[in-house]
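Enquirer: Using the hints provided, position chain Y relative to the given structure of chain B.
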Amino acid sequence: MAAALADTDFAFVAREVKARSGLVLTAEKSYLLETRLAPIARKESLASVAELAAAARLRRDERLIWQITDALTTSETQFFRDKAPFALLRDHVIPHLQQAEPQRRLRIWCAATSTGQEAFSLAMMLDDLRAEGRGVDAEIIATDISERLLEKARAGLFTQFEVQRGLPIRTLIRHFEKVGDLWRIADRIRAMVRFQRFNLLDDLRPLGMFDIVLCRNVLCYFAPEQQRDTLERIAAQMRDEGALVLGAGESTVGVSDAFAPEGGFYRRLDPRRAAARVA
Amino acid sequence: MKTCLVVDDSRVIRKVARRILEDLRFHVEEAGDGLEALTACRKAMPEAILLDWNMPVMTGIEFLRALRKERGGEAPVVVFCTTENDVEHISEAIKAGANEYIMKPFDGDILHSKFMEAGLLAHEAA
Numbered sequence: 001m002a003a004a005l006a007d008t009d010f011a012f013v014a015r016e017v018k019a020r021s022g023l024v025l026t027a028e029k030s031y032l033l034e035t036r037l038a039p040i041a042r043k044e045s046l047a048s049v050a051e052l053a054a055a056a057r058l059r060r061d062e063r064l065i066w067q068i069t070d071a072l073t074t075s076e077t078q079f080f081r082d083k084a085p086f087a088l089l090r091d092h093v094i095p096h097l098q099q100a101e102p103q104r105r106l107r108i109w110c111a112a113t114s115t116g117q118e119a120f121s122l123a124m125m126l127d128d129l130r131a132e133g134r135g136v137d138a139e140i141i142a143t144d145i146s147e148r149l150l151e152k153a154r155a156g157l158f159t160q161f162e163v164q165r166g167l168p169i170r171t172l173i174r175h176f177e178k179v180g181d182l183w184r185i186a187d188r189i190r191a192m193v194r195f196q197r198f199n200l201l202d203d204l205r206p207l208g209m210f211d212i213v214l215c216r217n218v219l220c221y222f223a224p225e226q227q228r229d230t231l232e233r234i235a236a237q238m239r240d241e242g243a244l245v246l247g248a249g250e251s252t253v254g255v256s257d258a259f260a261p262e263g264g265f266y267r268r269l270d271p272r273r274a275a276a277r278v279a
Numbered sequence: 001m002k003t004c005l006v007v008d009d010s011r012v013i014r015k016v017a018r019r020i021l022e023d024l025r026f027h028v029e030e031a032g033d034g035l036e037a038l039t040a041c042r043k044a045m046p047e048a049i050l051l052d053w054n055m056p057v058m059t060g061i062e063f064l065r066a067l068r069k070e071r072g073g074e075a076p077v078v079v080f081c082t083t084e085n086d087v088e089h090i091s092e093a094i095k096a097g098a099n100e101y102i103m104k105p106f107d108g109d110i111l112h113s114k115f116m117e118a119g120l121l122a123h124e125a126a
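Chains as they are written, first to last, in my numbering: chain B, 1 to 279; chain Y, 1 to 126.
No lab work stands behind these hints: they were computed from the structure. Here a beta-carbon is modelled for each residue, glycine too, at the ideal position from N, C-alpha and C. Heads up, none of these hints are tricks.
For each label pair, taking beta carbons as the anchor points, the in silico distance ranges come out as:
#, chain 1, residue 1, chain 2, residue 2, range
1, B, Gly263, Y, Pro56, 47 to 57 Å
2, B, Leu182, Y, Arg11, 23 to 33 Å
3, B, Glu241, Y, Arg11, 50 to 60 Å
4, Y, Pro56, B, Phe161, 21 to 31 Å
5, B, Leu129, Y, Asp109, 20 to 30 Å
6, Y, Ala66, B, Phe161, 25 to 35 Å
7, Y, Glu47, B, Arg170, 14 to 24 Å
8, Y, Lys69, B, Asp187, 36 to 46 Å
9, B, Gln196, Y, Arg71, 52 to 62 Å
Residues on chain Y that point at chain B, a partial pick, calculated with CB under 8 Å:
#, residue
10, Ser91
11, Met103
12, Ser113
13, Lys114
Rough simulated footprint, nothing fancy, chain Y against chain B, three-plus residues with beta-carbon under 8 Å:
#, segment
14, 155 to 164
15, 173 to 186
Just chain B, same shape as in the assembly (with noise of 0.2 Å):
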């Protein structure tokens, strides 16, 4: 058995980590830290994550506090998570913002992207649009902390494992290729997405307005004051009726004013309005 880490190396790590993800590391998920940072340990020819820890705090490696943080932040994620929330994009809101503005080319972003699954099943969905006639003028950014995620989700290569959770069969063959072992997802629909490595602690006023975020099991990991600041800059970002899609566990209720819930999301309210509400 590994030996633990020492108190003030937790602490250190946990604090470096919240500053720099948002992500809290409390004492019970501890046992995240033996099984992600190993490898890094590994890496770096340290003998143990604790000798990981200690050489982190004691050398203020900020390069190695990096990849500390990268491997900590959580990465699960599935093509069409949840369903739910992408029958709700195609069939009601995409439908509504397009009739409120017909010219208007729509801005999505996906924020906290991962490996990329979010935001080709988003390409995916539209590209099928496209297909039924129903075509739509959309740019897909997607965002995430960890460039070595990027970097996958830019590959666009995933693992016959990864393309049988939540693809049907008929969506892999239409937008993927088989290469060796793997499925490579169609270049049209690569070319829907642009990544774009982007911290949600950041300025967000630098990616621009957008009418539809999803920010999908991400504020869950943050402390409740930086889940009510994230979600006050994100609405900065939206045009008033935008719409927001959060994780199954999430709300903006309580939380935030700038939202409204409407059954699967929240509507970004007019500023003018939510002022009128909190008044």
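Expert: What follows is chain Y alone, placed relative to chain B:
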């Protein structure tokens, strides 16, 4: 309770599939090849069929083509479950009337996901 007929010449695979399917609340019947499966279907059409491709006597694809011509044979939801994992086999299976397709090796997660795609399980949280 829905019935799922597991068609595979490997007893081990049938056993693994049975355990997962029983957890998903299916009543499980087994067949060791396509012909045995066809005989079982003529006796009672199951709601679902988990179907291997390469088997002695009658292959999965031969069975599927025969099944779809039977009276009531269009009803069962057929999920292929095979090591054949190239686009040609998958396309052939869909053309022959397969509803879903699992590439081996599989696990409980994949089977669950695929049965959901095929409409055999209620979507959670939908």
